[in-house]
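2 protein chains.
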Amino acid sequence: MGQNADNRVYNFSAGPCTLPLEVLEEAQAELVDYCGLGMSLLEMSHRGPISEPIFEPIIEETRRLALSLWNAPDDFDVLFMQGGASGQFPMVPMNLLDEHSRGAYINTGHWVKMALNDAQFSGNIYQAWSGEDEAFTRSPDSSEIRLKDRTRYVHLCSNETIGGLRFSDFPGLDVPLVADMSSEMLARAIPWEKFDIVFGGAQKNLGPAGVTLIYIRKSILGSLNVEVPRTFSYAAQHASRSMANTPPVFSIWMVNKVLHWLERNGGVNEMEKRANARSKLLYDCIDNSDEFYRCPVQTAHRSQMNVVYKLPTLELEKSFLEQAAQHRLVNLRGHGSVGGIRASIYNAMPLKGVETLVNFMQEFKHKNA
Amino acid sequence: MGQNADNRVYNFSAGPCTLPLEVLEEAQAELVDYCGLGMSLLEMSHRGPISEPIFEPIIEETRRLALSLWNAPDDFDVLFMQGGASGQFPMVPMNLLDEHSRGAYINTGHWVKMALNDAQFSGNIYQAWSGEDEAFTRSPDSSEIRLKDRTRYVHLCSNETIGGLRFSDFPGLDVPLVADMSSEMLARAIPWEKFDIVFGGAQKNLGPAGVTLIYIRKSILGSLNVEVPRTFSYAAQHASRSMANTPPVFSIWMVNKVLHWLERNGGVNEMEKRANARSKLLYDCIDNSDEFYRCPVQTAHRSQMNVVYKLPTLELEKSFLEQAAQHRLVNLRGHGSVGGIRASIYNAMPLKGVETLVNFMQEFKHKNA
Numbered sequence: 007m008g009q010n011a012d013n014r015v016y017n018f019s020a021g022p023c024t025l026p027l028e029v030l031e032e033a034q035a036e037l038v039d040y041c042g043l044g045m046s047l048l049e050m051s052h053r054g055p056i057s058e059p060i061f062e063p064i065i066e067e068t069r070r071l072a073l074s075l076w077n078a079p080d081d082f083d084v085l086f087m088q089g090g091a092s093g094q095f096p097m098v099p100m101n102l103l104d105e106h107s108r109g110a111y112i113n114t115g116h117w118v119k120m121a122l123n124d125a126q127f128s129g130n131i132y133q134a135w136s137g138e139d140e141a142f143t144r145s146p147d148s149s150e151i152r153l154k155d156r157t158r159y160v161h162l163c164s165n166e167t168i169g170g171l172r173f174s175d176f177p178g179l180d181v182p183l184v185a186d187m188s189s190e191m192l193a194r195a196i197p198w199e200k201f202d203i204v205f206g207g208a209q210k211n212l213g214p215a216g217v218t219l220i221y222i223r224k225s226i227l228g229s230l231n232v233e234v235p236r237t238f239s240y241a242a243q244h245a246s247r248s249m250a251n252t253p254p255v256f257s258i259w260m261v262n263k264v265l266h267w268l269e270r271n272g273g274v275n276e277m278e279k280r281a282n283a284r285s286k287l288l289y290d291c292i293d294n295s296d297e298f299y300r301c302p303v304q305t306a307h308r309s310q311m312n313v314v315y316k317l318p319t320l321e322l323e324k325s326f327l328e329q330a331a332q333h334r335l336v337n338l339r340g341h342g343s344v345g346g347i348r349a350s351i352y353n354a355m356p357l358k359g360v361e362t363l364v365n366f367m368q369e370f371k372h373k374n375a
Numbered sequence: 007m008g009q010n011a012d013n014r015v016y017n018f019s020a021g022p023c024t025l026p027l028e029v030l031e032e033a034q035a036e037l038v039d040y041c042g043l044g045m046s047l048l049e050m051s052h053r054g055p056i057s058e059p060i061f062e063p064i065i066e067e068t069r070r071l072a073l074s075l076w077n078a079p080d081d082f083d084v085l086f087m088q089g090g091a092s093g094q095f096p097m098v099p100m101n102l103l104d105e106h107s108r109g110a111y112i113n114t115g116h117w118v119k120m121a122l123n124d125a126q127f128s129g130n131i132y133q134a135w136s137g138e139d140e141a142f143t144r145s146p147d148s149s150e151i152r153l154k155d156r157t158r159y160v161h162l163c164s165n166e167t168i169g170g171l172r173f174s175d176f177p178g179l180d181v182p183l184v185a186d187m188s189s190e191m192l193a194r195a196i197p198w199e200k201f202d203i204v205f206g207g208a209q210k211n212l213g214p215a216g217v218t219l220i221y222i223r224k225s226i227l228g229s230l231n232v233e234v235p236r237t238f239s240y241a242a243q244h245a246s247r248s249m250a251n252t253p254p255v256f257s258i259w260m261v262n263k264v265l266h267w268l269e270r271n272g273g274v275n276e277m278e279k280r281a282n283a284r285s286k287l288l289y290d291c292i293d294n295s296d297e298f299y300r301c302p303v304q305t306a307h308r309s310q311m312n313v314v315y316k317l318p319t320l321e322l323e324k325s326f327l328e329q330a331a332q333h334r335l336v337n338l339r340g341h342g343s344v345g346g347i348r349a350s351i352y353n354a355m356p357l358k359g360v361e362t363l364v365n366f367m368q369e370f371k372h373k374n375a
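In order, the protein sequence lines correspond to chains Y and X. Take any residue in the first sequence, note its place counting from 1, add 6, and you have its number in our numbering. Take any residue in the second sequence, note its place counting from 1, add 6, and you have its number in our numbering.
What the hints contain is simulated information worked out from the structure, not anything from laboratory work.
Computed footprint of chain Y on chain X; a stretch qualifies when at least three of its residues, placed anywhere within it, have a C-beta under 8 Å from a C-beta of chain Y:
| id | segment |
| --- | --- |
| 1 | 12–24 |
| 2 | 29–37 |
| 3 | 236–247 |
Calculated pairs, DSSO-like style, for lysine-lysine (alpha carbon to alpha carbon, straight line, at most 30 Å):
| id | chain 1 | residue 1 | chain 2 | residue 2 |
| --- | --- | --- | --- | --- |
| 4 | Y | Lys-358 | Y | Lys-286 |
| 5 | X | Lys-358 | X | Lys-279 |
| 6 | Y | Lys-119 | X | Lys-224 |
| 7 | X | Lys-200 | X | Lys-154 |
| 8 | X | Lys-263 | Y | Lys-263 |
| 9 | X | Lys-286 | X | Lys-263 |
| 10 | X | Lys-119 | Y | Lys-224 |
| 11 | X | Lys-373 | X | Lys-316 |
| 12 | X | Lys-324 | X | Lys-119 |
Here a beta-carbon is modelled for each residue, glycine too, at the ideal position from N, C-alpha and C.
All chains should be modelled from the sequences, with the hints used to inform the complete structure.
Spelled out as structure tokens, the structure:
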């Protein structure tokens, strides 16, 4: 592990992003010849010989781990699909709505705007709250959310990776939630009773880009829209155990490895504790900087995964990014639409990475304040 | 390379399937630390630092190679999307049709049936020819294809991986073709002037499962349906250079490596020559077996990628598969819907693999005829 670890950077990318080093090394060791089978998992058919299937036990174990490690109730299944969370934006209304029902959207920023835009082509939807007038600096209380009649689901984004805000508590409503949790998958415990669907791309907490996990309440499968293309159909994917079309075999294998790592490291409760510790370190550094660093998000709504902040000037931000890279702290630039700095600190980011960043921030402030 | 090569099987899977060993070994070497950057390509953001983007040059080069190596005219672009060819079944009519136009489908077997089923939800489509009455043993002449007025495109599957038949010549029609070429991507030269769109999953000739290539005529982009979710929109994916949503970074990187391998090995013309040679060896063995091995497909329409055949009894087929595996010849079982044997021999299958299979077939026949 020595040489790889020595050269390793701290990668604060918003996704695809840092993965556990031991997972990468394990994948590397098995990449050309998987388990002595004389072929790579990259070459492996999802439909092995019936007598000795190879991929089917892997996807089954991944499914089981993804459910159990997040403490999902028995009424949930998890589907592995493609297209990322963005692909789910049209698929959710396609599967859940009919001509009589509609979907409500809680607009907390960029990713819900994208969902609103893409969902409109597949069903009747509307905005039930918007934080736009407040520059997306908080998530709403349940009492602020205005639902119309015949609302089938309420879509929310549990954590806005660009704005750096989250739902610290999930709203309690009479209608089931559908949550885009791309950036918080298996990073916090959630009240499953409130959700019908939780989805997200793997490329933040769970693996490489190219596979999407959809946690779905099994009791709703029977009432879904049946006029849906097979590849996009939750019912068809559930019935075929995520093999309605060729699944992204290698990406699922990587998720399997990350889940095993997560299990060895104490599961979702430990991940949440670590996320608390990492984000507290960073927010404390920001809040104790005499406004040299400023986070625009209201304290109670701040993300534990994507810490966004600004410096006094654009010039200082530019030089901050350059010097950070020299300290092997990379991909800290904020999203183009908002600018500033963004430190994405998902499950695989070691505390040491955040400590190194905080030390650098204090030093940089000391020199430039 | 010694140890890996020694243990290597000949993998006749229909996809995901065998990749060039040198590509796997290259990926393995770079897997944990890509180019000394201190991170894996599995962790790499598609949006690198503007000053030194890492993935953008990779996807750009992959695009350029995918076009030039297949001799696509300047009017074509290639998009990298997700969801496989199955995902394209609903996306083609979603993007190409409006309320006045319709899509025609040439039904040569399993994959066009799937396309018909999935396309019906996104537009007005119909079957313009069907080989079902002849048990899908040939593709049609142009004169047999019955087009209705206001037909925007004609969908065909250039090579049916399950039935083992192909279009040796592509039909000459007044309407542009849209071709599912999943199993023949960069494996044969094609008359580009006949096509508006050529699509396919990478997992046969080009890389691992998880990325779909869509070759699209640029001059049609302006007339596409605009009411399409961003992730599914050819125009949006073209405009954003396949980054309308997070692309499957690692899978595209693997395609890049396979394309470089293809370039080193003489390009698509050489691939076609090799495919001719491989399939001729196998069909000759079948046709010279005194009907011990029987291929149901008419000679002129036989696939060069998926050679299907039957043995005199199911018992013999079972024992054929078992003994083949002992000779390190694996994944030869035919698709569940048709049974029999299927040898998939894509670009990366060495001639040696087919020779080994043919030797085994002759020996097996000798012992069992």
